[in-house]
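Enquirer: If you read the protein sequences in the order shown, they are chains A and B.
Residues in the first sequence are numbered from 1 upward in steps of one, following the working numbering.
Residues in the second sequence are numbered from 1001 upward in steps of one, following the working numbering.
These are computed hints drawn from the structure, not numbers from a lab.
Keep in mind that this is a model prediction, so the values were computed, not measured.
Just to be clear, a hint being listed does not mean it is correct.
What the hints assert, rightly or not - Heads up, simulated BS3-like pairs for lysine-lysine below, C-alpha to C-alpha not over 27 Å straight-line: (1) Lys51(A) with Lys117(A); (2) Lys117(A) with Lys1035(B); (3) Lys1085(B) with Lys134(A); (4) Lys117(A) with Lys1052(B); (5) Lys5(A) with Lys65(A); (6) Lys1117(B) with Lys65(A); (7) Lys117(A) with Lys1065(B); (8) Lys1117(B) with Lys176(A); (9) Lys73(A) with Lys15(A); (10) Lys85(A) with Lys1134(B).
The lines below spell out each chain.
Protein chains: 2
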Amino acid sequence: MARKKEYIEEEVIEKAMELFWRNGYEATSVRMLEKEMGINQFSIYSSFGNKKGVFLKSLACYRAKAKVELIDKLKNSSGGIQSIKEYFYDFINFSKDSTRTKKGCLITNTVNELGEKADTEIMSNIISFATNVKTLFIEKLESNKLKTPEMITKQANYLMVSLQGLSVASKMFDQKQLDDFIESTFENL
Amino acid sequence: MARKKEYIEEEVIEKAMELFWRNGYEATSVRMLEKEMGINQFSIYSSFGNKKGVFLKSLACYRAKAKVELIDKLKNSSGGIQSIKEYFYDFINFSKDSTRTKKGCLITNTVNELGEKADTEIMSNIISFATNVKTLFIEKLESNKLKTPEMITKQANYLMVSLQGLSVASKMFDQKQLDDFIESTFENL
DNA sequence: TTTAATTCTAAGCAATCGCTTAGTTATTGT
DNA sequence: ACAATAACTAAGCGATTGCTTAGAATTAAA
Chain A
1 MARKKEYIEE
11 EVIEKAMELF
21 WRNGYEATSV
31 RMLEKEMGIN
41 QFSIYSSFGN
51 KKGVFLKSLA
61 CYRAKAKVEL
71 IDKLKNSSGG
81 IQSIKEYFYD
91 FINFSKDSTR
101 TKKGCLITNT
111 VNELGEKADT
121 EIMSNIISFA
131 TNVKTLFIEK
141 LESNKLKTPE
151 MITKQANYLM
161 VSLQGLSVAS
171 KMFDQKQLDD
181 FIESTFENL
Chain B
1001 MARKKEYIEE
1011 EVIEKAMELF
1021 WRNGYEATSV
1031 RMLEKEMGIN
1041 QFSIYSSFGN
1051 KKGVFLKSLA
1061 CYRAKAKVEL
1071 IDKLKNSSGG
1081 IQSIKEYFYD
1091 FINFSKDSTR
1101 TKKGCLITNT
1111 VNELGEKADT
1121 EIMSNIISFA
1131 TNVKTLFIEK
1141 LESNKLKTPE
1151 MITKQANYLM
1161 VSLQGLSVAS
1171 KMFDQKQLDD
1181 FIESTFENL
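Modelling step: build the complete structure from the supplied sequences, incorporating the hints.
Expert: What follows is the structure, given as structure tokens:
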């Protein structure tokens, strides 16, 4: 009955996600999105409703990408501190774009940019992702049977904040300083 | 010969700084600045040139405020790990506004928002501040004569990234999680 | 082949962006 | 009192923001 879409939503969202990842939410305009996604504004709005809709789908895309390239590896690891340390090093590579510029973590970038005034849908998405990662850290820490639940909670909180620090610091510090950080971070565990 | 200014530049810049601190650079418009600063756009541009000029002065204002309320205390401390740990706790209080919302660190916020595409003047300002803090950490770590220079460099890098992590995480995590982080950070230094 | 449904292009909407400028008001030396 | 200087108000500049819409193009069922 009707005309067919000339694009695949999952494909164009990946382009949008890259743009938000590089530039942040506010600094990414709908004009930039239509160029990068390769579709007209009409198509953007008919597929995703509004700019926030594009961003929410981009967050989901980021989470899926992080799962495949980052989280699943940790999930399937033998566990323990060493596996989590590898996750930290993997994250730095994950955050690099084609020109080796570090974009940080999209989730961390968004918390830092929007903070408390973030839309509730965006915020719950962020909280949900952070909770997933933290739960995984806890699982992997539990492979050491000597640790009490209190120690594990404390160390998981510590790792979460460290990871956010790594995300911001990777935009500003060189690889040597980041390596120092990661090594020191895991000396404390 | 001529009319007098009806405002004091240092006073209105403090208001501007608060606004940039809460909202970030891009999300702070000149219209918002004129309301908060209580002066007309003409006055803003004649005093500070352009929006970037207001921001650069705001960065200087932030640095001065951080010096008085945060850095001088550490500078005058007895030294050692405990003094730096107090600096971390002090920073969290420093980052709270009147409604106890955490704004993070203006310098960290700016790196995270603008990243590589930050103006060179802004970036050198940021690097300079970070260098100051790191130098101070090194000084205070050196009060322990047992530490080798390599250990001190490594630990200073570690503390710098940790502090940035704390800045971002404070916008998202509760006080207990932040306390866990700080305690773990200093456990093995 | 007609017709109804959907997507496309491209122009345009009001609002806001950073910034400027014309004209008025205040302050000073002469 | 007058002239010179600078700071004020307020309107408006072109460009860009997120978003909408009129009309042409494409699809597939009837």
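Enquirer: Each hint should be assessed against the structure and marked as holding or not.
Expert: To see whether the hints hold, each was checked on the structure:
Taking the CA atoms of Lys51(A) and Lys117(A), the gap is about 16 Å. The hint holds against a cut of 27 Å. Restraint check: the Cα-Cα separation between Lys117(A) and Lys1035(B) comes to about 20 Å, which is no more than 27 Å; the hinted pair holds. Straight-line distance between C-alpha atoms of Lys1085(B) and Lys134(A) comes to about 24 Å, which keeps the hinted pair within the 27 Å bound. With a C-alpha separation of about 24 Å, the suggested pairing of Lys117(A) with Lys1052(B) holds against the 27 Å cut-off.
Straight-line distance between C-alpha atoms of Lys5(A) and Lys65(A) comes to about 24 Å, which keeps the hinted pair within the 27 Å bound. Only pairs whose Cα atoms come within 27 Å are accepted, and Lys1117(B) paired with Lys65(A) is accepted, the gap being roughly 25 Å. Using a Cα cut-off of 27 Å, the hinted pair Lys117(A) and Lys1065(B) holds, with the two alpha carbons roughly 25 Å apart. Restraint check for Lys1117(B) and Lys176(A): satisfied, since their Cα atoms lie roughly 22 Å apart, inside the 27 Å limit.
This hinted pair checks out: Lys73(A) and Lys15(A) have alpha carbons roughly 24 Å apart, not beyond 27 Å. Between Lys85(A) and Lys1134(B) the CA atoms are separated by roughly 24 Å; this keeps the pair inside 27 Å, and the hint holds.
When the structure is compared with the earlier hints, no violation turns up for any of them.
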